[in-house]
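Engineer: The listed protein sequences correspond, in order, to chains R and L.
When you line the first sequence up against the numbering used here, it's residues 1077 to 1521, in that order.
When you line the second sequence up against the numbering used here, it's residues 927 to 1312, in that order.
Read the hints as simulated data drawn from the structure, not as lab findings.
Each residue gets a CB set at the ideal place from its N, CA and C atoms; glycine is no exception.
Errors might be hidden in some of the hints.
[Stated by the list, open to error] The calculated label-pair distances, taken between Cβ atoms and stated as ranges, are:
1. L:1303 - R:1418: 40 to 48 angstroms
2. L:1304 - R:1387: 34 to 42 angstroms
3. R:1401 - L:1112: 26 to 34 angstroms
4. R:1372 - L:1304: 29 to 37 angstroms
5. R:1397 - L:1308: 51 to 59 angstroms
6. R:1469 - L:988: 26 to 34 angstroms
7. L:988 - R:1267: 21 to 29 angstroms
8. L:966 - R:1243: 22 to 30 angstroms
9. R:1253 - L:966: 39 to 47 angstroms
[Stated by the list, open to error] Covered stretches of chain L (in silico footprint by chain R; criterion: 3 or more residues with CB under 8 angstroms from a CB of chain R, positions within the stretch not fixed):
10. 999-1007
11. 1013-1026
12. 1055-1066
13. 1122-1133
14. 1214-1222
15. 1247-1253
[Claimed, not checked] Derived DMTMM-like pairs (lysine to aspartate or glutamate); straight-line CA-CA distance at most 25 angstroms:
16. R:1332 - L:1213
17. L:1219 - R:1220
18. R:1250 - L:994
19. R:1079 - R:1460
20. R:1360 - L:1110
21. R:1434 - R:1249
22. R:1250 - L:1213
23. R:1250 - L:1093
24. R:1250 - L:1110
25. L:1135 - R:1220
26. L:1121 - L:1093
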Amino acid sequence: MTKQVHLAAHFPGVNNTTVWSDPAGGSHIEFSSFVHLAQTAERAKFDFFFLAEGLRLREQGGQIYDLDVVGRPDTFTVLAALAAVTDRLGLTGTINSTFNEPYEVARQFASLDHLSAGRAGWNVVTSWDAFTGENFRRGGFLPESARYSRAREFLSTAAELFDSWRGDEIVADKSSGVFLGNPAAGAFRHRGEQFDISGRFNVPRSPQGRPVILQAGDSDEGREFAAATADAIFSRHGTLEAGQAFYADVKGRLAKYGRRHDQLVVLPAATFVLGDTDADAQEKAAVVRRQQVSGATAIKFAEQLWNRDLSGYDPDGPLPDVDPIVGESTISKGRASVRMNRDPIAVANQWRALAAEKNLSMREVIIEVTGRQNFIGSAATIAEQINTLVQADASDGFILVPHITPGGLDEFADTVVPLLQERGVFRTEYEGTTLREHLGLGFSR
Amino acid sequence: MPLHLAVALDGAGWHPAAWREPDARPTELFTAGYWVDQVREAEAGLLDFVTIEDAVGLQTSGFGPPDDRVDEVRGRLDAVLIAARVAPLTRHVGLVPTATVTHTEPFHLSKAIATLDYVSTGRAGVRVQVSARAHEAAHFGRRTIPPFDGDVEAFRDLFDEAADYVEVLRRLWDSWEDDAEIRDAATGRFVDREKLHYIDFEGRFFSVKGPSITPRPPQGQPLVTALAHATIPYRLGARSADVVYVTPTDAESARAIIDEIRAEQEAAGRASEPLHVFGDLVVFLGDDAAERKARLDERAEFTSDAHVFTGTPAGLADLLLDWQRAGLTGFRLRPGSVPTDLTAITRGLVPELQRRDAFRTQYEAGTLRGRLGLARPANRYAKAAS
Ligand SMILES: Cc1cc2nc3c(=O)[nH]c(=O)nc-3n(C[C@H](O)[C@H](O)[C@H](O)COP(=O)(O)O)c2cc1C
Chain R
1077 MTKQVHLAAH FPGVNNTTVW SDPAGGSHIE FSSFVHLAQT AERAKFDFFF
1127 LAEGLRLREQ GGQIYDLDVV GRPDTFTVLA ALAAVTDRLG LTGTINSTFN
1177 EPYEVARQFA SLDHLSAGRA GWNVVTSWDA FTGENFRRGG FLPESARYSR
1227 AREFLSTAAE LFDSWRGDEI VADKSSGVFL GNPAAGAFRH RGEQFDISGR
1277 FNVPRSPQGR PVILQAGDSD EGREFAAATA DAIFSRHGTL EAGQAFYADV
1327 KGRLAKYGRR HDQLVVLPAA TFVLGDTDAD AQEKAAVVRR QQVSGATAIK
1377 FAEQLWNRDL SGYDPDGPLP DVDPIVGEST ISKGRASVRM NRDPIAVANQ
1427 WRALAAEKNL SMREVIIEVT GRQNFIGSAA TIAEQINTLV QADASDGFIL
1477 VPHITPGGLD EFADTVVPLL QERGVFRTEY EGTTLREHLG LGFSR
Chain L
927 MPLHLAVALD GAGWHPAAWR EPDARPTELF TAGYWVDQVR EAEAGLLDFV
977 TIEDAVGLQT SGFGPPDDRV DEVRGRLDAV LIAARVAPLT RHVGLVPTAT
1027 VTHTEPFHLS KAIATLDYVS TGRAGVRVQV SARAHEAAHF GRRTIPPFDG
1077 DVEAFRDLFD EAADYVEVLR RLWDSWEDDA EIRDAATGRF VDREKLHYID
1127 FEGRFFSVKG PSITPRPPQG QPLVTALAHA TIPYRLGARS ADVVYVTPTD
1177 AESARAIIDE IRAEQEAAGR ASEPLHVFGD LVVFLGDDAA ERKARLDERA
1227 EFTSDAHVFT GTPAGLADLL LDWQRAGLTG FRLRPGSVPT DLTAITRGLV
1277 PELQRRDAFR TQYEAGTLRG RLGLARPANR YAKAAS
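Go ahead and model the full structure; you've got the sequences and the hints to work with.
Structural biologist: Written as structure tokens, this is what we have:
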């Protein structure tokens, strides 16, 4: 059977994908920008709108990082407001399990699910660092090794809270005077290593029961966590081979949790550059890449790997001949991608080999290795690429990250989506009303 | 002197039997439409703002632990999310959700209220609320709070902590200067990092580094409000708030409360700063108000921390203007039942006050702060720099 493609829209923000200097680039904080992207995604019948999160401004070399977009809204607040200006679109937010408490987050997601009539989704992330922890009254943070034990228990505790109301308790019979059908509605008791809490959850069961759970995390432990608990996974592996390997890996982990293949939807992040022709798109893409990686940005990227000050280097010259500094402390703070680089010296050597082979400057190397432009081409080419990847089980669809805010999805909606619809691999109308239904997940137990 | 008017929205109204009224919509309390309708009604009445009640625990009929009652409304949606959900569908009325400050993170609340200010284009506020309930603390498991034995002094620390919390909210709102975003293509800088500030708050209860992840909101400082019944909470209001809600029983007690708050303001070194003192009242309105309240009282016992007014809109207008002369600058009315008492406020009381030249006849343009005569505050960090 032909697989159906899932599509979501990522509000572009705090990363160098976003080209803020483009004349078409609007505000990253005014609500009208969020409305524009969300309404475009809904017009195109996308599954959901997606927000990332970072709870401390990034720093590099002890200073706030100023070359990319800085600043973003509160996730819950913006999603609740978007529920007012959209009807069917899923509303998915990234919420960290380290710097929050289960009772509060469960309340917020249950409330969002009520206020959006069943469209809430939660991307659970596990950043744990002390740097971010300085913004929180607990001041605390976790050792890296504990991030998933807290996340697992956070999620299972939240599930206990969501399930503490069955859904039939609100009787509200005016004549008998019975409002609540069960005097113990919401009662819970959780005792674990991370949380020891009890009482009454105060939000009645929401339309989806629980929000859709997404997970973003790439380590073995992260994948295991996703296989055990998530409805969908937000991945970084959007190319054919890497995607297929990731897809097979995470789907292969499902059986041991008694889960079916279709109970985990795999959605890599993907960027795109559209042109009238493929050649036109390639040309545009080259321009966009140079906007995304200025000389100054190239130096900063190299510093993140080398973990040392490279401000004296010329971005149009060769890569540094010194080796990266390997250690606990990093020059760059507040960036998940930096923590994921486990062997910087090996990576530096790969980059050097690439530079030698293709005769590339530092900036050109950075452009090559950080290039995340998955789809470049005419609308027909991009529709074909997306469908090919999905049918080849490199993913179940994509979370698209436009490089322009907020209009970067408009052309995609108008040109690529109709072609996917013509092929019969993308919906022309929403069939259901909830995010769970859009993702083909059925109702949560 | 213009009179300011807010309504306090909570479930089906403030009487525990309100949900049983013929026109009540108790099965819709957890839907967006219910809240949109109420806030739009408040906006049709040109009210300054609405507050939305909330707590981090299930409602109880007293101050104690959950009481297993089934005859009253139980369950609530998060008030900040309700306010955000309503914001794009209204244009003028202020939106002031309640937030518990005892168990939550000021960093999260600061960006939530800043974002509410963005999505409502300058109409956001917050009512900060201390949680002194043992059972609410058990929902978080990070601290214990002893059961209330009537001694308010025991709560002094919770209120001091709340004052620190508000200080952190305000510093975070100022942690971005208004013109921090520069988009300087020549140097490739999106922000001027000299205009972003670490707040470096260190207090007795917690510390927070900053800056916020959310740029300074449209109002600069969204409205901070607090309900206060006694000296310790008056002090929080006087130190930290833009609006304090108080609960006098007559003009005389209103005068005494205001004197006490002004003295606290003086002691806090804020004497010159504008601070609204609003009277809080529960209202049952209409020709049949007394009868209706009696009928509700038969169905559920009703006790109130605030004065309960029962009578006609004209009678309420008399009372409000009398208390206003005692020094109150506005009122937050708690409708006994919704929609009856809410529409009696917007369609009965408001026209009555307009006839007496005591209330606006159209919305002035501008922000919630502006409507309350509060200037857009200068940024504390910008001042320090220049
Ligand atoms: C595709 C992807 C997107 C992510 N987005 C965020 C994010 O928005 N906010 C955040 O704090 N962490 C984010 N993370 C970080 C993860 O939550 C996690 O902390 C990190 O990947 C380390 O866990 P791991 O070792 O399992 O990969 C993201 C990770 C991936 C792979």
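Engineer: Hints broken by the structure, by number, lowest first?
Structural biologist: 5, 6, 9, 14, 15, 16, 17, 21, 23, 24
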